[in-house]
Amino acid sequence: MARCRRTTLTLLGTLVLLASPRAFATPVVLYSVDDLGGGLFRYNLAVDNNGGSEALSGLDVLNGDTVFGLDGNSAVGQPAGWSHFSPLPPLVHDLDYFSLAPGGDVPVGGVRGGFSFESTTDPNAIAGDDFAVEGIGATSASQIPLGDAELVPEPATGLLLLLGASGLAARRWRGL
Amino acid sequence: MGERRGSSGFIGIDSPLGRIASVALAPALLILLVAPICAPPAPPPAPTPDNVRTIEDLVACVNGRLAGSQNATIADTVQCLPPKCSITLTMSNQSAQAACILEGDGIRCQMPRVLIECPGPPKLIPSYLLCPQDSESEGVIGRNRIEIGQGVDAAGNMRMADVPIPPGPFTPIEEGDTISETTGQGDSGTKGCNGGGCHDAQAPLGSAPSEQLSQPIDPFGESPGNPDCIISTDRCDKSAIDEPKQCFPSTEDSRVVKPQSLSEVCDCIEAAKNDDLHPLAGDEITLALCRALEDYQDTRGACVSGGCPPATGPECSEAFAPCDPATGVTVASSGYHCQPAEGEAFECVADCPCRDYSMTGGGKFLVDSAVSMVRLQLSGHAATANPDSLRDSVHVTGELSGFEYASRTLLDSIAFSSFQATRTGGGFTASGKGTANVNGAPRNIEFTATTTGGVTTFEVSDADTSEVLLGGTGEDQRAAFDLSVTPP
Numbered sequence: 039m040a041r042c043r044r045t046t047l048t049l050l051g052t053l054v055l056l057a058s059p060r061a062f063a064t065p066v067v068l069y070s071v072d073d074l075g076g077g078l079f080r081y082n083l084a085v086d087n088n089g090g091s092e093a094l095s096g097l098d099v100l101n102g103d104t105v106f107g108l109d110g111n112s113a114v115g116q117p118a119g120w121s122h123f124s125p126l127p128p129l130v131h132d133l134d135y136f137s138l139a140p141g142g143d144v145p146v147g148g149v150r151g152g153f154s155f156e157s158t159t160d161p162n163a164i165a166g167d168d169f170a171v172e173g174i175g176a177t178s179a180s181q182i183p184l185g186d187a188e189l190v191p192e193p194a195t196g197l198l199l200l201l202g203a204s205g206l207a208a209r210r211w212r213g214l
Numbered sequence: 022m023g024e025r026r027g028s029s030g031f032i033g034i035d036s037p038l039g040r041i042a043s044v045a046l047a048p049a050l051l052i053l054l055v056a057p058i059c060a061p062p063a064p065p066p067a068p069t070p071d072n073v074r075t076i077e078d079l080v081a082c083v084n085g086r087l088a089g090s091q092n093a094t095i096a097d098t099v100q101c102l103p104p105k106c107s108i109t110l111t112m113s114n115q116s117a118q119a120a121c122i123l124e125g126d127g128i129r130c131q132m133p134r135v136l137i138e139c140p141g142p143p144k145l146i147p148s149y150l151l152c153p154q155d156s157e158s159e160g161v162i163g164r165n166r167i168e169i170g171q172g173v174d175a176a177g178n179m180r181m182a183d184v185p186i187p188p189g190p191f192t193p194i195e196e197g198d199t200i201s202e203t204t205g206q207g208d209s210g211t212k213g214c215n216g217g218g219c220h221d222a223q224a225p226l227g228s229a230p231s232e233q234l235s236q237p238i239d240p241f242g243e244s245p246g247n248p249d250c251i252i253s254t255d256r257c258d259k260s261a262i263d264e265p266k267q268c269f270p271s272t273e274d275s276r277v278v279k280p281q282s283l284s285e286v287c288d289c290i291e292a293a294k295n296d297d298l299h300p301l302a303g304d305e306i307t308l309a310l311c312r313a314l315e316d317y318q319d320t321r322g323a324c325v326s327g328g329c330p331p332a333t334g335p336e337c338s339e340a341f342a343p344c345d346p347a348t349g350v351t352v353a354s355s356g357y358h359c360q361p362a363e364g365e366a367f368e369c370v371a372d373c374p375c376r377d378y379s380m381t382g383g384g385k386f387l388v389d390s391a392v393s394m395v396r397l398q399l400s401g402h403a404a405t406a407n408p409d410s411l412r413d414s415v416h417v418t419g420e421l422s423g424f425e426y427a428s429r430t431l432l433d434s435i436a437f438s439s440f441q442a443t444r445t446g447g448g449f450t451a452s453g454k455g456t457a458n459v460n461g462a463p464r465n466i467e468f469t470a471t472t473t474g475g476v477t478t479f480e481v482s483d484a485d486t487s488e489v490l491l492g493g494t495g496e497d498q499r500a501a502f503d504l505s506v507t508p509p
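Residue numbers (the numbering used here), protein chains in the order written: chain P, 39 to 214; chain R, 22 to 509.
Derived by calculation from the structure, the hints in this document are not laboratory data. Predicted, not measured: the structure shown is a model, and the values here were computed from it. Just so you know, even glycine gets a beta-carbon here, dropped at the ideal spot from N, CA and C. Careful: at least some of the hints might be erroneous.
Across the chosen pairs, the derived CB separations fall in these ranges [claimed, not checked]:
| id | chain 1 | residue 1 | chain 2 | residue 2 | range |
| --- | --- | --- | --- | --- | --- |
| 1 | P | N111 | R | A340 | 42 to 52 Å |
| 2 | R | D483 | P | P117 | 50 to 60 Å |
| 3 | P | G115 | R | A292 | 37 to 47 Å |
| 4 | P | G141 | R | T333 | 36 to 46 Å |
| 5 | P | A163 | R | A292 | 50 to 60 Å |
| 6 | R | D126 | P | A118 | 43 to 53 Å |
| 7 | P | L74 | R | A292 | 47 to 57 Å |
| 8 | P | G147 | R | G461 | 49 to 59 Å |
| 9 | P | A113 | R | L298 | 33 to 43 Å |
| 10 | P | G147 | R | D389 | 58 to 68 Å |
| 11 | R | G461 | P | G115 | 16 to 26 Å |
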């Protein structure tokens, strides 16, 4: 039952993550977090290439080792057609995703989710540039700064906000 | 008169019959009593391989291990090699154990002579031949014989032996039949070790005037050695060829040899053995000998886990003299020498001590602004007198992964074949070779890595075409390698 609920929430979270309207159209990485219990969290990432100048064939989490404690034994997921290199502490800190074929790239104006990793780092402890990310251009093969990944409301919060807004709207409608 | 009988009723000693019996039995009893003292002593137990030091030890070990075998082959003798010996493969055909190249059905196999150098003391140098043709001596082909040299002095002069092991029921080897002795006519020795383009003669020792000594041949030197014929070695102070070379070509033809590890030589022999159209078809003995030597190199050779000569040793007093690593005492011949240690002390350490190494790192590398990502983890152990310079073509294992975004070149699943590194100041240069999957297809690759002055570079290229596959200059703070050598 709990698993079913968690799956539903994750799906809703992904929907929220993918459908999140943004005020400024520049490429960005959005993320949500699932609390897996026992101090373990799954970070779900989506690359939004709205406003980008070229398709993206790479995504790098710059502090994969130093902030999230990732290494070769960490659980890392990616969308079909992508692969990754884990960090190699203490020398290499990046978690590097790469697209194996053009068909898997994040097109200009497109969004691709399915990137994830599990970490014991509490999302509430993330601050500053902890979650710095960068993309790799599919045409130029060069790095494209993406700033810091942006947290989107977790599914339950999103639903509550949605319900609250609906309630307010209903009361206002009745009051009219 | 009847016989007088004793009280017991047996024949009395005073009777004629009793006197005869006592005269006859007394010596027999004496023999029985004294026999345990005076009989020839039982032969000592055959030395274990770990205790083999001399020609006689090796022969005794072979006699002990192969006794009663109905299907003995030369491959069975490899188990008697002492530990910690280096292996060098030479394709020289200028020897009583002449290497050869066997071709057929598109398979070209190098069949080298296998030189094994054991640090001792004393230094022991057995050698085998993988070529199953010719090099016959006393009716036995070179592949079925062990040639053995044993150092007698610091100059490397040797007493020598030739041990035949023809396939079939094992016949115990008589030590006296194997040692090269003086002939009284010339100084080639009874085994023909000296002269004729082979060893130069050395005068016998006063303590063993009947043994014909031979001067050493440096297979890495020029004539009668030839460095261009060395296709592999795990000696720490020497190197093999790193590209195809001409090894004693005939006047009208070329004789190209290429670098090849013992494992690769065995793989070729195995492929040829299973090919009915190849001269090595069905040659189980040559393959068994090769695999036995390969197993020796991997598990008991010059530099294996737990079996390596250490980089430290007991104190010794005679600087740079050969010494015994157990006691530090100066000896006539040894692969250990009295070398300076910390302060004014001297230690008896192996000429080729073994060190563990590892190299890890990777990160983000750029050519102009085009990105490659790399991960490298490799380790091994190598015999090297200098911890700042090591070379390993036997024990290197690890992983190398890389992705070049512009061409979407993915490299993974590598099997390393060699690694070498040199440390200078605060940086180092490293390179290696192997076979990797490049976008799913196997390719021979080589890599180079440098770290100097805070700048890291890394490049992987196709070893056959020189095409650069990935790499570049490491981005600041985003790329690093570390090389660790123990003991430092």
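Which hint numbers does the structure go against, in order from smallest to largest?
2, 4, 8, 9, 10
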